[in-house]
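Undergrad: Chains as they are written, first to last, in the working numbering: chain A, 1 to 560; chain B, 1 to 560.
No lab work stands behind these hints: they were computed from the structure.
Fair warning: there could be bad hints in the mix.
Claimed, not checked - With a Cα cut of at most 27 Å, we get these calculated DSS-like pairs of lysine-lysine:
id, chain 1, residue 1, chain 2, residue 2
1, B, K242, B, K544
2, A, K544, A, K242
3, B, K242, A, K242
4, B, K544, A, K544
Said to hold, decoys possible - Negatives, chain B to chain A, calculated, CB over 12 Å:
id, residue
5, N59
6, A165
7, R425
8, I520
Every residue, glycine too, gets a C-beta built ideally from N, C-alpha and C.
Protein chains: 2
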Amino acid sequence: MTAPGGVTPLQAGDGAAPDPPMRWWGWGVDRDALHLPASAQRLIEAALGVKEAAAPRVNLAAIELPSSRLDGDVRTRIEAIVGSEGVRDDRLARVAHAAGRSYPDLVRLRSGRVAAPDAVVYPASHDEVRVLLETCAESGVAVVPFGGGTSVVGGVEPDAGSFAAVITLDLARMASLVELDEVSLAARVGPGISAPQLEAELAQHALTLGHFPQSWEYVTIGGSVATRSAGQASTGYGRIDKLVLGLRFAAPAGEIEVKPHPGTAGPTPALRELLVGSEGVLGVITEVTLAVRPLPEVRQYEGWSFKSFGAGVEAFRELEQAHAAAEVSRLSDETETALSLASAGQTAGRLAKLAQRYARLRGHDRGCLAILGFEGDADEAMDRANRARMLLRGAGGLRLGSRPGAEWQRQRFRAPYLRDELLDRGVLVDTLETATTWTNLPFLYAAVADALRNALTARGTPPLVMCHVSHLYPAGASLYYTFMAAQQHGQEVEQWQAAKTAACDAIIAAGGTITHHHAIGRDHTPWLRAELGDVGVELLRAAKSRLDPRGIMNPGKLLP
Amino acid sequence: MTAPGGVTPLQAGDGAAPDPPMRWWGWGVDRDALHLPASAQRLIEAALGVKEAAAPRVNLAAIELPSSRLDGDVRTRIEAIVGSEGVRDDRLARVAHAAGRSYPDLVRLRSGRVAAPDAVVYPASHDEVRVLLETCAESGVAVVPFGGGTSVVGGVEPDAGSFAAVITLDLARMASLVELDEVSLAARVGPGISAPQLEAELAQHALTLGHFPQSWEYVTIGGSVATRSAGQASTGYGRIDKLVLGLRFAAPAGEIEVKPHPGTAGPTPALRELLVGSEGVLGVITEVTLAVRPLPEVRQYEGWSFKSFGAGVEAFRELEQAHAAAEVSRLSDETETALSLASAGQTAGRLAKLAQRYARLRGHDRGCLAILGFEGDADEAMDRANRARMLLRGAGGLRLGSRPGAEWQRQRFRAPYLRDELLDRGVLVDTLETATTWTNLPFLYAAVADALRNALTARGTPPLVMCHVSHLYPAGASLYYTFMAAQQHGQEVEQWQAAKTAACDAIIAAGGTITHHHAIGRDHTPWLRAELGDVGVELLRAAKSRLDPRGIMNPGKLLP
């Protein structure tokens, strides 16, 4: 028996191995580079006491790459699976897959100190992935699954583990919208489809996924699912794990299909949540069925001001618990608010200053900026926006109108480009994130900020530390920190590691989760045991033993 | 570091082993027994051709119970853990824990053919459970966790598996609201707390959980979580798995704490979903932290009529996908509608007939009844109800006013009592449930109904088969079937098994999930492999090997 109509089968994705979409040493492509306004640049450099720009970046040709360790026989077997056009080991391909886009990744890329994969392999189907993984397991070759390469936690580090060679498995050839069920609002996609490509295809059917992480321009759906990603609009649309109905999965020792049942009292969700967020250590997501929804009829973005971060957090809690939150609900603390105003573009900057003056007049002197973006069906979203405005006014909020909302939308994917510029100028800049209950939030907020300030001040580089709340749940919210300091030249990674370790220790001690947006990757593994407990870690290991008995999948990630 | 204020610690639950809350042979206590109106009784008996009442029930004293096989030394060790008042092996305790409340359970209980546990043990804390499970594993005693005993899928069957003895672990002494965080809207509870007890305690703080399965009067929270239960208001409040923030778990080989992080990009949800819905085969849920919410300001229940089940399903899909569904959203098919009208009480029956006449005048001749119950904040719920009414009218729905809503609320927990009465009268009656995508729903609806009709007609007992939709998701909905036939005396279980097998085969063949409300238990295990695949089943087995290496936990359930 097969299901009846309502479903549009679409063409399969294929084609030769594509060039990497991003410049090898940083974010995006050169022509996209954005610049920090001079005002913000001066503010940052003065605050941090930056004295010296970073050393210049090496050229691609100057990077010393060891020869590929991939055995000739194994390479032949792999080519037999994916075709010779599906295997690349040229310099550009290897370096472009040598790292994600974390601060330590970028520091190492710029200096040319990278551990590149021995080859990059581009399978075109679930069956090719299955056979590839079997072949690599037999041959003792480690495999690193790769989507958009946007990991900021070391998730795509080409670590060979105990094996002689490591390949990166780039899913760019499995990038199609496979099937669209417009009745059940379900889209079946290849893992390599990028978020913008999927949104473009869905938009032709007046649909959207609504998953917009800051890395949106380059992120893939498979990567988002494998890292349990949260996007900027996740308060409204749900984090990606909430949007996954079903998936197919290929592992070295078997394959799994999680059926897209809308709900069940059986153990399907246990399997689904094991594979979602598995970060490549159990196998490869080869297909995902996602819940989609109608394109919003309205998009109403607006700014609000609160007298303090604490007052804003209280207001956001009320909003969320009254089911009145906006799809995008963000609240910056005092420091982030000040820097946002200074960083706004020229016209936007004038408007921002007007808004600031207006807020100051009403007693919001060192106020906190909130952005609320309501999206959806016109009636429902506007009813909700009206309820939200009443609640926010009652909680002391001051409405700043739509201009700050438009400015935020214009800049929403911009930070990763600015980071490249700050690195050029000798500034350490990184972000990290956690979540906790509303009750514990003020405590966790202070504990992590203090840890970052103390750790970097102790190294003689007092930082700027700022934070926003950007994902609301009835029981709590996320905290997303940005920290900056003058780089310690020659000790960039050690300096970063000191701050990162202090922040992670503080997160665990103060009851937060070790990651809310970015996943575990390589960087958070030392804290996973504290989060899951010994038995929890062993349960994940038991699943790994079953699916990947030789341990070839993404060595060094997720599992401590 | 510890979290700051906002949290109310409450007293721990304790006390001696209580008497079973239900009569041993059926639902509730005698004084609650409800009676089917004569009109409905005549309709059913005529439709089914019932000729003979069932054999009379045996008396408790007449049941032949084998002596307890629990070794004296083991019993002494268990008493050392839970106290002598924490172990019962009297006739009432053993028989009351001999079965759940499925149709075959009731048939066997009434005839006295039961396999009772060798003892019933009542631990009072997480630590007592931990030590008990270790002791039982060392001693080779099987353990069946037991909440309200309301399973309708054989989930509490005292099956010793390959062991010499089996104890039932009743969680009635771990029944307190341990801590309430009114800021984060989180309640930490013992697993044995009953749903009504929890609602009563929450109501004192103007809060509610919103989990109302039909078994609500007797169900426990631990049992609901262990079976991934869905309630009558789950379209609005979410099924129980959506309400679990964190939990504690004790297994023979270790313990786990799933922290109540509101959201995370780490693997905590993988652990949580493995333990939620684990049906006692991995260990025992010893504490649950649940998301609660404010008591609704309004409760607006109303009836609607649709010209056909298909038209109603289409309307419900629109409603759900427009985020306008009611907390309770139910749609009966033509047969269930006819029987509901016949079953309504005397006054309600007159009103029902008026409503029927009114609907008939407007062309809803053999119409389908829908119940929509909007609950929540007054503004939000009424805005939503208004949007819903516009949509339902546009989809051909006819509003019947609040009387059918009030009548449904009056009867919402009544069916299990009526089942006892139908059994007395010689009627086979059972329910089963599934879910699928909207696209596939009409196909699955017909396939399962046909399978039930064919299987029972083939045995010479042509059935009444009826169905309702009672849980909506953006991607699909549940289908809940009730079927009745004249009992084949002397072959009651075989007759039931033939119908059940046919329906389950049809569910799998037609793309449904094997269970939406009731869990896997013993009865659905033969179909689990079809749902999860071989590797999926082996992943669950890998978790079981780690947590319960000797296999003492709830033998014969969940895992095929």
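Undergrad: Run every hint past the structure and note whether it holds.
TA: Tested hints:
1. B:K242 to B:K544: holds (23 Å)
2. A:K544 to A:K242: holds (23 Å)
3. B:K242 to A:K242: holds (11 Å)
4. B:K544 to A:K544: Measuring from Cα to Cα gives roughly 14 Å; hence the hint holds.
5. N59: holds (35 Å)
6. A165: holds (27 Å)
7. R425: holds (30 Å)
8. I520: violated (5 Å)
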